[in-house]
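Protein chains: 2
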Amino acid sequence: MVQIAVMGYGVVGSGVVEVLMKNANSISHKAGKRIEIRRILDLRSFPESPLADRFTDNFEDIVNDPEIQIVVETIGGLKPAYDFVKRCLLAGKSVVTSNKELVAAKGDELLAIARERNLNFLFEASVGGGIPILRPLDQCLAANEVYEIAGILNGTTNFVLTKMIREGLPFDRALELAQRLGYAERNPSDDIDGHDACRKICILASLAFGKHVYPEQVHTEGIGLLTLDDVKYASEWGGVIKLIGRARKREDGRLECIVAPMILSRESQLAEVNDVFNGILVRGDAIGDVVFYGQGAGKLPTASAVVADIIDEVKHIGARKFLSWEPGENGYVADYRGYSGSVMLRLKCKDVQAVHRSIENMLGACSRVCVAQAPPDELALVTPAVEERLIDEALASLSDAALVSRLRIANL
Amino acid sequence: MVQIAVMGYGVVGSGVVEVLMKNANSISHKAGKRIEIRRILDLRSFPESPLADRFTDNFEDIVNDPEIQIVVETIGGLKPAYDFVKRCLLAGKSVVTSNKELVAAKGDELLAIARERNLNFLFEASVGGGIPILRPLDQCLAANEVYEIAGILNGTTNFVLTKMIREGLPFDRALELAQRLGYAERNPSDDIDGHDACRKICILASLAFGKHVYPEQVHTEGIGLLTLDDVKYASEWGGVIKLIGRARKREDGRLECIVAPMILSRESQLAEVNDVFNGILVRGDAIGDVVFYGQGAGKLPTASAVVADIIDEVKHIGARKFLSWEPGENGYVADYRGYSGSVMLRLKCKDVQAVHRSIENMLGACSRVCVAQAPPDELALVTPAVEERLIDEALASLSDAALVSRLRIANL
Chain P
1 MVQIAVMGYG
11 VVGSGVVEVL
21 MKNANSISHK
31 AGKRIEIRRI
41 LDLRSFPESP
51 LADRFTDNFE
61 DIVNDPEIQI
71 VVETIGGLKP
81 AYDFVKRCLL
91 AGKSVVTSNK
101 ELVAAKGDEL
111 LAIARERNLN
121 FLFEASVGGG
131 IPILRPLDQC
141 LAANEVYEIA
151 GILNGTTNFV
161 LTKMIREGLP
171 FDRALELAQR
181 LGYAERNPSD
191 DIDGHDACRK
201 ICILASLAFG
211 KHVYPEQVHT
221 EGIGLLTLDD
231 VKYASEWGGV
241 IKLIGRARKR
251 EDGRLECIVA
261 PMILSRESQL
271 AEVNDVFNGI
281 LVRGDAIGDV
291 VFYGQGAGKL
301 PTASAVVADI
311 IDEVKHIGAR
321 KFLSWEPGEN
331 GYVADYRGYS
341 GSVMLRLKCK
351 DVQAVHRSIE
361 NMLGACSRVC
371 VAQAPPDELA
381 LVTPAVEERL
391 IDEALASLSD
401 AALVSRLRIA
411 NL
Chain C
1 MVQIAVMGYG
11 VVGSGVVEVL
21 MKNANSISHK
31 AGKRIEIRRI
41 LDLRSFPESP
51 LADRFTDNFE
61 DIVNDPEIQI
71 VVETIGGLKP
81 AYDFVKRCLL
91 AGKSVVTSNK
101 ELVAAKGDEL
111 LAIARERNLN
121 FLFEASVGGG
131 IPILRPLDQC
141 LAANEVYEIA
151 GILNGTTNFV
161 LTKMIREGLP
171 FDRALELAQR
181 LGYAERNPSD
191 DIDGHDACRK
201 ICILASLAFG
211 KHVYPEQVHT
221 EGIGLLTLDD
231 VKYASEWGGV
241 IKLIGRARKR
251 EDGRLECIVA
261 PMILSRESQL
271 AEVNDVFNGI
281 LVRGDAIGDV
291 VFYGQGAGKL
301 PTASAVVADI
311 IDEVKHIGAR
321 KFLSWEPGEN
331 GYVADYRGYS
341 GSVMLRLKCK
351 DVQAVHRSIE
361 NMLGACSRVC
371 VAQAPPDELA
381 LVTPAVEERL
391 IDEALASLSD
401 AALVSRLRIA
411 NL
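Protein chains in written order, with this note's numbering: chain P, 1 to 412; chain C, 1 to 412.
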């Protein structure tokens with residue numbers, strides 16, 4: 001028998017308890033031992049729960065209990081989760097978490113503490129919800145030089161974009177619908193502004209390339225400014241707009257890492273990832289392209305990833321797992337203005353032909369995208385692959401044109 | 001340092017050697033030890049190879065060499081692979097294989113020998129080529145009750161179907177093209193007739209549901225009889241034809257397991273798996289739908305899965321891995337005539353209305369599918385979900401209609 005504690009009885013935490021109880025027999029068979037939930041930390045009490053007597057609002061009941069070998073953290077956020085997790089590891093308990101904010105900000109430090117104490121710090125649920133991705137990525141990494149990872153990492157924004165693309169709902173109404181259906185928070189900034197996707201690409205990049213990537217190193221744009229006109233132009237070009245997190249290794253050993261809405265060709269495997277689903281693409285030298293697809297959030301999918309980590313930990317108590325990386329450093333992630341790629345520029349200008357010519361003089365041949373009933377002063381161009389700073393310079397030099405939107409075209 | 005042998009220097013075997021040599025540094029870093037290729041078994045000699053001195057045509061040089069701890073089997077087929085693998089395990093060597101025919105036919109026996117001797121018998125590469133699927137499935141299984149697995153498991157047939165659907169090539173010409181491009185063998189029966197997909201669904205079903213499913217228990221249909229008319233009717237209905245291998249658990253504990261061309265709705269995540277790619281869908285009670293996508297065959301993708309197994313084995317020499325299942329039994333796979341589902345029937349008949357009515361009298365309301373320029377004596381109907389034996393009976397009772405084709409509609 002192994003005693004565990006669950007910290008945080010919100011959506012994910014209560015899901016973990018539910019899965020552990022519902023599939024108790026097959027889980028103990030797989031783990032080789034029975035798993036007993038000894039404590040549940042929450043400020044609220046749940047007198048109706050069959051586990052009502054296990055609830056506590058005092059973290060000390062968990063960290064000081066020598067019977068508890070594994071602590072599950074599903075509180076979310078940095079405070080108090082960071083302190084609690086750190087103290088649990090220092091007290092000799094392995095930790096399983098679904099908290100992407102914590103792993104993205106403090107993963108290197110917590111992994112180092114776990115490593116020193118021969119404990120595990122596991123977080124499969126922090127990326128892609130229930131989709132097994134971190135272990136398979138580790139497996140891809142074993143025999144491959146993985147050089148790029150990219151994905152649709154946030155279900156809320158993907159739902160909003162799907163409604164804009166498929167049903168022509170404007171952004172605000174699509175977001176309202178997501179909120180009504182419980183897919184978006186009342187304050188949706190974490191999702192809409194790209195922060196959630198940023199944390200996830202940080203975790204994937206850290207694991208894939210071996211050094212911590214911190215969220216503040218990653219240029220991050222959200223989807224809040226997208227309009228149905230953007231959707232229409234993307235469609236005319238042959239693509240769809242998705243919020244993409246992407247990391248790739250450069251030949252100089254530094255990383256390119258960015259989160260932004262991008263236009264994907266309809267042929268891309270990620271183009272068909274719709275609604276609240278996530279899709280993650282891994283590119284390796286031997287394996288080619290591999291895609292993992294599933295529900296990236298939600299109570300039970302996320303809980304099932306947490307429980308898989310718990311089972312893995314129970315099977316290997318005292319043995320170190322694979323997941324690890326080094327601390328990051330300044331300059332490890334290259335300035336995004338040096339990343340190269342095609343961009344769709346949309347401009348308002350009186351003399352469309354002249355602006356088209358001056359952009360081509362600066363950036364090389366561009367293809368023009370025209371949609372039906374576009375105003376005559378609108379110009380949409382797809383540039384060749386050039387560094388972002390050159391596009392900045394070209395736009396700054398135009399005196400008689402106003403930028404409406406600028407969308408990267410992702411070669412995925 | 002760990003000494004290994006590679007048996008069979010064909011496409012996959014030479015790929016394994018290539019990956020081990022090309023990524024030697026990162027591989028030894030990950031495995032924690034250097035991996036040395038001590039012997040390569042092949043009837044041919046390769047005097048130009050940098051490893052020319054390691055080649056042997058005598059299996060005894062491998063099985064009797066106490067320095068060799070891991071043997072990689074990439075010969076394929078049952079003879080002599082089965083004898084060789086069994087003798088290696090009995091001699092105390094762990095085995096890694098890409099040989100789906102071997103695992104599908106003899107997996108239970110070889111796993112039992114490995115289990116008794118505290119060795120591993122690993123075969124990630126036998127399903128889905130380079131796509132990590134067996135370990136992630138095991139992870140899905142840990143916390144979920146997985147109740148269905150289905151996939152596009154054969155790249156050759158998927159290439160042929162993609163060419164029929166997208167470019168309107170008739171079957172024969174699409175197959176010729178696949179042969180010219182090296183995607184199909186000169187004798188393509190293993191792929192075209194569904195045997196290869198059958199072996200793979202046997203392996204997936206054995207792992208997912210815990211008992212061996214043997215290929216001869218699985219009703220298997222190939223794609224050799226499909227025509228462009230079938231493609232057209234499927235498209236009119238809103239779908240595409242794919243060769244699907246599917247296994248699901250019934251409430252009585254028995255399995256439904258089948259390989260056949262099926263019509264998938266265009267909304268299915270598997271519908272967009274094209275060309276030589278594979279896609280595998282896993283359905284669990286907590287996780288929902290998860291899909292794994294990538295190159296299901298090819299030298300380097302398959303080799304990278306073999307190498308991932310080798311690394312895993314090197315890291316865990318003397319420790320047993322998860323993969324295992326019990327022997328199968330008669331009656332464990334239910335007779336396919338008892339499986340329920342919708343079917344698209346296409347018939348030639350003089351009195352289309354009368355035949356439509358008699359089928360509906362027997363099976364319930366059917367929807368008719370009409371394509372442009374269809375001959376007036378052609379009737380295509382989509383039945384409600386009924387047992388296959390009822391459809392057999394209904395067709396047998398029609399005196400004035402000839403069956404042209406019968407395609408299952410997969411709810412995936």
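For the record, the hints were derived by calculation from the structure and aren't laboratory data. All of these numbers come straight from a predicted model, not from anything done at the bench. Among the hints, a few may not be true.
Unchecked claim - Residues of chain C placed beyond 12 Å of chain P at every Cβ, according to the derived structure: (1) 10; (2) 18; (3) 171; (4) 182; (5) 186; (6) 305.
What the hints assert, rightly or not - Over the 10 Å line for every Cβ pair with chain P, so calculated as not near, a few chain C residues: (7) 27; (8) 135; (9) 272.
What the hints assert, rightly or not - Capping the alpha-carbon separation at 25 Å, the derived lysine-lysine pairs in BS3-like fashion look like this: (10) P:106 - C:30; (11) C:30 - P:211; (12) C:33 - P:30; (13) P:211 - P:22; (14) P:22 - C:106; (15) P:315 - C:299; (16) P:249 - C:30; (17) C:315 - P:315; (18) C:33 - P:33.
Note that beta-carbon positions come from the ideal geometry of N, C-alpha and C, so glycine has one too.
### Query
Once the closest CB in chain P is found, is it more than 12 Å from residue 18 of chain C?
9 Å, violated
### Query
Taking the closest pair, is the beta carbon of residue 305 of chain C still more than 12 Å from chain P?
7 Å, violated
### Message
Just to be careful, I want the Cα atoms of residue 22 of chain P and residue 106 of chain C compared with a cutoff of 25 Å; is the pair within it?
### Response
This hinted pair is violated, its Cα atoms lying about 34 Å apart.
### Message
Checking a non-interface call: every C-beta of chain P should be farther than 12 Å from the C-beta of residue 182 of chain C. Is that right?
### Response
Residue 182 of chain C is indeed farther than 12 Å from all Cβ atoms of chain P, at 16 Å.
### Consistency of the no-contact label for residue 10 of chain C, given chain P and a CB cut of 12 Å
The claim stands: residue 10 of chain C keeps its Cβ more than 12 Å from every Cβ of chain P (closest is about 17 Å).
### Query
Given the hint that residue 249 of chain P pairs with residue 30 of chain C, does the C-alpha gap stay at or below 25 Å?
Holds, at roughly 19 Å.
### Query
Between residue 33 of chain C and residue 33 of chain P, is the straight-line Cα distance small enough, at 25 Å or below?
Roughly 31 Å between the alpha carbons, so the hint for residue 33 of chain C and residue 33 of chain P is violated.
### Query
Regarding the assertion that residue 272 of chain C does not contact chain P, is the least Cβ-Cβ distance greater than 10 Å?
5 Å, violated
#### Entry: 25 Å limit on alpha-carbon distance, applied to hinted pair residue 315 of chain P and residue 299 of chain C
34 Å, violated
### Query
Holds or violated: is the Cβ of residue 27 of chain C farther than 10 Å from all Cβ atoms of chain P?
7 Å, violated
### Task
Run the C-beta distances from residue 135 of chain C to all of chain P and say if the shortest one exceeds 10 Å.
Incorrect as stated: the minimum Cβ-Cβ distance to chain P is 6 Å, not above 10 Å.
### Message
A cut-off of 12 Å on Cβ-Cβ distance, and residue 171 of chain C was said to be off the interface with chain P. Does that hold?
### Response
Residue 171 of chain C clear of chain P: closest Cβ-Cβ about 24 Å, beyond 12 Å.
Checked against the numbered hints given earlier, the structure breaks hints 2, 6, 7, 8, 9, 12, 13, 14, 15 and 18 and satisfies all the rest.
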